[in-house]
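Asker: For this one, chain W is given, so just place chain P on it according to the hints.
Chains as they are written, first to last, in this note's numbering: chain W, 65 to 178; chain P, 51 to 164.
Honestly, the hints are just simulated from the structure, not real lab data.
Don't be surprised by glycine CBs; every beta carbon is placed ideally from N, CA and C.
It is possible that some hints are incorrect.
Claimed, not checked - Residues on chain W that point at chain P, a partial pick, calculated with CB under 10 Å:
hint : residue
1    : Phe73
2    : Leu74
3    : Val76
4    : Gly79
5    : Ala105
6    : Gly106
7    : Leu107
8    : Arg124
9    : Ile158
10   : Gly163
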Amino acid sequence: GEDVEQSLFLSVREGDSSVINCTYTDSSSTYLYWYKQEPGAGLQLLTYIFSNMDMKQDQRLTVLLNKKDKHLSLRIADTQTGDSAIYFCAERTILTGGGNKLTFGTGTQLKVEL
Amino acid sequence: EPEVTQTPSHQVTQMGQEVILRCVPISNHLYFYWYRQILGQKVEFLVSFYNNEISEKSEIFDDQFSVERPDGSNFTLKIRSTKLEDSAMYFCASDLGGMNTEAFFGQGTRLTVV
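In isolation and in its complexed conformation, chain W is listed as follows (with noise of 0.2 Å):
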């Protein structure tokens, strides 16, 4: 079945980069997804990158995706407080009656320190 496995805490400064990291099992997952949630909060999508594609940029955020080892990873430019937050990696499947499942991480806390 699905499995999505983040690591659970990441810490930077503000002005710095974030990496946070992300492995999937499912190969036939079309998209990927990154949500970001904070204290209280929903889910809120961030970005998401398309199977056959390798990066996407969108702002300060930049996707990469190594489809052969299954890895995914979000880069955050220049992290702000504003980003301390917990970010969830998904992966969708596509269900047989045509709805979409999503696979979520256990989800990575990043706490941006001043």
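Answerer: Below, chain P alone, put in the same frame as chain W:
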């Protein structure tokens, strides 16, 4: 921007009681989902719903759970006889289905069973 809304934001219930969690998906979406996040654990898929019936469910979604779309806008999750281990954040999501789609999540309902 369209959004998925969930009510209530927090529900406290006694063990053995029935609870109904409510969601209003995005109006033109076709697929509706419930996910669960037990404190400190992964976000887990519970069920997907399409065309007024369950299209797929996980092993977590046992007979004490049910979903319904009682009218044209609401999508509900009922837990018939709550247990302590049902305490979690429950997220509703919706999407158009198919390949080129993005799931939108609600803010979640925190369910506390005492």
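Asker: All hints are to be evaluated individually against the structure, with a verdict given for each.
Answerer: These are the hints, each one checked on the structure:
no., hint, verdict
1, Phe73, "violated (13 Å)"
2, Leu74, "violated (17 Å)"
3, Val76, "violated (22 Å)"
4, Gly79, "violated (30 Å)"
5, Ala105, "holds (6 Å)"
6, Gly106, "holds (4 Å)"
7, Leu107, "holds (4 Å)"
8, Arg124, "violated (20 Å)"
9, Ile158, "holds (7 Å)"
10, Gly163, "holds (4 Å)"
Checked against the numbered hints given earlier, this structure breaks hints 1, 2, 3, 4, 8; the rest are met.
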